[in-house]
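In case you want the letters, here they are:
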Amino acid sequence: MKLSNSTVQKARTGIQGMDEITGGGLPRGRTTLVEGGPGSGKTVLALQSLVNGAMHFNEPGIFVAFEESSKRLISYAAKFGWDLPALQEQRLIFLDAQPSPDLIQSGAFSLDGMFAALSAKADEIKAKRIVFDSVDMVLTVLNDPVAERREIFRLHDWLLARGLTAVITCKRGQDGFIQPPLSFMQFMVDCCVSLRHEVIQGVSQRNLRVTKYRGSSFDENECPFVIGGIGMDVASTWMVDRSRPRVSERRISSGVKRLDAVLGGGYYADSSVLITGVPGTAKTTLSGAFIEAACSRGERCLFVSYDTDSAQVVRNLNSVRIMLQRFITKGLLRVISARSVSASAEIHLMNIKNRAREHGAQCVVVDPVSALAKTGNALTAHGVSERLLDWAKSERITLLCTSLLDRISNEKEVLSIPISTIADTWIHLSYLIHAGERNRSLSIVKSRGTWHSNQVRELLLSANGVTLADAYTAGGEVLMGTLRWEKERTEQAASVERLAAVREKRDRLQTEEHELANRLKAIQIEIEAKRDERASMTQVEARSKRIDRLDRIRLRQLRGADMPRTINHS
Amino acid sequence: MPTQFKFSLYIAGSSPHSKLAVANLTALCREHLEDCHQVEIVDVLREPKRALADGIIFTPVLVKQAPKPTTTIVGNLSNLEVVCATLGIAGFPDASHV
Chain P
1 MKLSNSTVQK ARTGIQGMDE ITGGGLPRGR TTLVEGGPGS GKTVLALQSL
51 VNGAMHFNEP GIFVAFEESS KRLISYAAKF GWDLPALQEQ RLIFLDAQPS
101 PDLIQSGAFS LDGMFAALSA KADEIKAKRI VFDSVDMVLT VLNDPVAERR
151 EIFRLHDWLL ARGLTAVITC KRGQDGFIQP PLSFMQFMVD CCVSLRHEVI
201 QGVSQRNLRV TKYRGSSFDE NECPFVIGGI GMDVASTWMV DRSRPRVSER
251 RISSGVKRLD AVLGGGYYAD SSVLITGVPG TAKTTLSGAF IEAACSRGER
301 CLFVSYDTDS AQVVRNLNSV RIMLQRFITK GLLRVISARS VSASAEIHLM
351 NIKNRAREHG AQCVVVDPVS ALAKTGNALT AHGVSERLLD WAKSERITLL
401 CTSLLDRISN EKEVLSIPIS TIADTWIHLS YLIHAGERNR SLSIVKSRGT
451 WHSNQVRELL LSANGVTLAD AYTAGGEVLM GTLRWEKERT EQAASVERLA
501 AVREKRDRLQ TEEHELANRL KAIQIEIEAK RDERASMTQV EARSKRIDRL
551 DRIRLRQLRG ADMPRTINHS
Chain V
1 MPTQFKFSLY IAGSSPHSKL AVANLTALCR EHLEDCHQVE IVDVLREPKR
51 ALADGIIFTP VLVKQAPKPT TTIVGNLSNL EVVCATLGIA GFPDASHV
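From first to last, the protein sequence lines stand for chains P and V.
The first sequence begins at 1 in the numbering used here and counts up by one.
The second sequence begins at 1 in the numbering used here and counts up by one.
To be clear, the hints were calculated from the coordinates, so they are not data collected in a lab.
For clarity, every value in this text was computed on a predicted model and none was experimentally measured.
Each residue gets a CB set at the ideal place from its N, CA and C atoms; glycine is no exception.
One or more hints might be untrue.
Each pair of labels, with its calculated beta carbon distance range [what the hints assert, rightly or not]: (1) V:Lys6 - P:Phe187: 42 to 52 Å; (2) V:Ala27 - P:Arg209: 47 to 57 Å; (3) V:Ala27 - P:Ser100: 18 to 28 Å; (4) P:Ser100 - V:Ser78: 19 to 29 Å; (5) V:Val39 - P:Arg209: 46 to 56 Å.
Chain P with its partners taken away, still in its complex shape:
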């Protein structure tokens, strides 16, 4: 969702996130009050918007320094890389107006002198923007509530009459409010920005909130911000552009062949992958494998390692044949390490973004992202990690985060950073302790938009690299370690036995077949013999019949009996 454009004209501050929150910048030609406690970043916000106006938006500006001398401000700005002396010629002017501490007062007075001087200067450089930092310094000198109020009104009128886009900074007291006669400024101005700087469990947390913006909608929530190397960076929860560039259909390797198979072809490019597990479950190893594969494809990678030295990470990965040093030498890979407690989660996020931008990284690993949720950052870490994922998506970076699970009992996949819901792929690693062994197991909890195996697999690390073992199940349990090995062996033995049995049976059958064939042959021979015998018997019979008759005739002849008539015919 984008903030609706309103009738109010806006002057961009050029501060990352600030223009998103305000829907385009501060009200043009109107006054904005920036209030905050000491060190909350009021001056930085005011100065940065002024510098950006002069540098990028062709709007010359005047900085009225009531508090710090312009010299100090310029050296301060140089740290952010703003070259103020170069701008100072025509487009940016500092006016030193620090009331002398030994100022002696006798009777009433006003700010006419300043207005006269400012009018002359504003005309000279055609100023469009102006900053008063900080206005309480000069107003309290008046030492008269009525006079203070009067001068504020005159200041406001003067600004409106000149149509200057103004930022007035003002201190907030310990009680969280602007001290009374100045407090009514909040009602007078068109826009109010409140800055807060707190220390939570030893970690500095900065927040910004727009409390008022006449005639315009704005993000009313408190937004974390950081003051870093290039100035202020506000974490806008409004996506600059939610309509992301086309999502990728490209699959990239996880670096482990068999894991690619389990994932149905690897991770999606531009997706975010979360690997969770208790310490020692090879989260870093899987990250390393992913980076190695990416670098082998020639992609630029950034490996952010919290609380482990970068050289150590590279060395440790060598032991499982993940060789990263060559890519570091080539300049493809950058490994950086940081102490998680050294800064707030916001600062870490900004550093990751800046480093990735500098390096032109296509793949980023954050190991572990849960480091961001350490002491003092518990509340902000969620938002930070969400924005990390959003940022990676919008930059089309494939992001792999590992997350440490706090407890050893890994049954509950509870995360200190609940980004599991927004990550595209979630791989869970754990130890299965069974039969006196601790074995690493891997399962895919989810993988959006891809087919993936539902089986728990054993993760094997060796000097030859990383791979997944075949899945063996027995009695509803996936077998791992020696149990798997035993099962493998038993199965092998069984299969050998089965084979032998089959062979034996086959041989036996063959023999039997032969035997039967032979018997068949013998029987056939016998049949032949019988047939021959039968044939010969027939002949014998016929002959003997004839002989018999002849014999009978002979006998009759011998007896002298009548010759049978039939004889002549037979």
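Following the hints, position chain V against chain P.
Just chain V now, kept in the frame of chain P:
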């Protein structure tokens, strides 16, 4: 030879405070510093560049250029006691700081 006083009084046109300041300074000089003072009146509305260069924020403001050290008093100079004490004008020796 009495000490020579040299003043610059910055005013903003003819605002009431400015008018009052001029009147107060004139009276003070006439009363205490006769023939030993020099006053320059700067109207910041006419000479804003001068105000800018001299770092003038408030008006009216009186700057004592001589004798050294330079002293600045803001306001319409209505509290004569404070002014004389601050400027070290005879008659108010004890109130060196107020």
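Hint-by-hint comparison with the structure:
no.: 1; hint: V:Lys6 - P:Phe187: 42 to 52 Å; verdict: 46 Å, holds
no.: 2; hint: V:Ala27 - P:Arg209: 47 to 57 Å; verdict: 54 Å, holds
no.: 3; hint: V:Ala27 - P:Ser100: 18 to 28 Å; verdict: 26 Å, holds
no.: 4; hint: P:Ser100 - V:Ser78: 19 to 29 Å; verdict: 20 Å, holds
no.: 5; hint: V:Val39 - P:Arg209: 46 to 56 Å; verdict: 52 Å, holds
Going through the hint list in order, the structure satisfies each hint without exception.
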